[in-house]
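Peer 1: Under the UniProt record's numbering, residues 1 to 377 are what the sequence shown spells out, in order.
These aren't lab readings, by the way, just hints derived from the structure by calculation.
For every residue, glycine included, the Cβ atom is placed at its ideal position computed from N, Cα and C.
Hints may contain errors.
[Unchecked claim] Label pairs and their computed distance ranges (CB to CB):
1. D348 / D51: 34 to 44 Å
2. K67 / T200: 29 to 39 Å
3. L27 / K67: 15 to 25 Å
4. D348 / P68: 24 to 34 Å
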Amino acid sequence: MMNCKRSVAPNSAAIIGGNDDLLLQILIFFPAKSLVRFKLVSKHWHSLISDSSFSELHTLRHRHGPKPQPSFLLRSTTSQFFHFDPTVKKLTTFRFKFPFVNILQSCNGLILLEGKNTQYGRKNYYIYNPATMQSRKLLIDDAEKKTFSGLCLVFNPSKSYHYQVICFRKDKNINWPELGEWFEVYDSETHTWIYGRKTTYTRPNTYCNGVYCNGDIFYIRLRPRPLCFVPNDDFYSVSKIPRIRSPGEKRTCVMESNGYLHYMVQSLHMDKKYICVYEMNEDYYSWFVKYRVDLNPVSATFGNNGKAITVLGIIRGEKEEDTTLLFHVPGKIMLYRFFNEIFEVLVDFTREIYYQGGILQFGSKDSYQFVETLVPV
């Protein structure tokens, strides 16, 4: 009897392994993070999972399911990149194929980046998938009378596996910029640029570092006024960011998570160390305090003056009790759970070769949240 049982399993595995259609029907149910690892099983599995048709079907299959837990790309003060996965509590080095990289935007698993082969070389722009490490170069027209003033990425996998890139342009030969500013749209379905329309808001060099949220691009800052860009339409004013009237130095940043837009204020006062998390209302006309975190326990535990703490990201869960905050103190990446007010050390890298004692190696403006996806670029 035992010999019979032993002979069944190999035959079943052989049947599945030798039937690509059956294998793909099974693989399509796995999350992207697992499939990236499955590529290492064999060259054949790598070929099946890397096929663009399978990637598109997988994206469509999972677009209405629960969102996977995000990962982060972190850029250190030495311009070295790291991949951080809060789920497995692992921080590893990450390398792009370009020697000099500047991440412009992260959007639902895809990244808009600027790459150069030399420090002062020509800038090229790419759409990059950090899960599959696939990239596509954007061919931007450098005609004599045109120059672009910014790029932004629009990608919503719950609606389509295609993405758009908005290129804002201005005519450099016109003294009055409002007469010659417009945007063009790159569509990944056709891989072509098309003319959009003229914009009503005109101010040079303000169309970078936008934050995508629920289909729109937000430019939240003190000056000039905060704006929302509706793709294929125009710019609109949104609520001014909250003013915090309290003593001491402050750090601020804007972060999106799971369809919510947040404005984070970190107070560095000697006696009042805290993080205040504001959330934008659905009407875009007001902010309200969503969370507040007392940082004094962290400062007391790790013996720093409170300035050696920085926010890396907020992860909004499907349930309120699943929402967490990631932050960094020298040598560690930590997590704070809002519902029970517990701090937890996720990664201690004080023994790693890249550790620099006593200083912050990552900042909130160099932290990029993304979800792993197989979507082809």
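Peer 1: For a quick check of understanding: which of the numbered hints are violated here, in increasing order?
Peer 2: none
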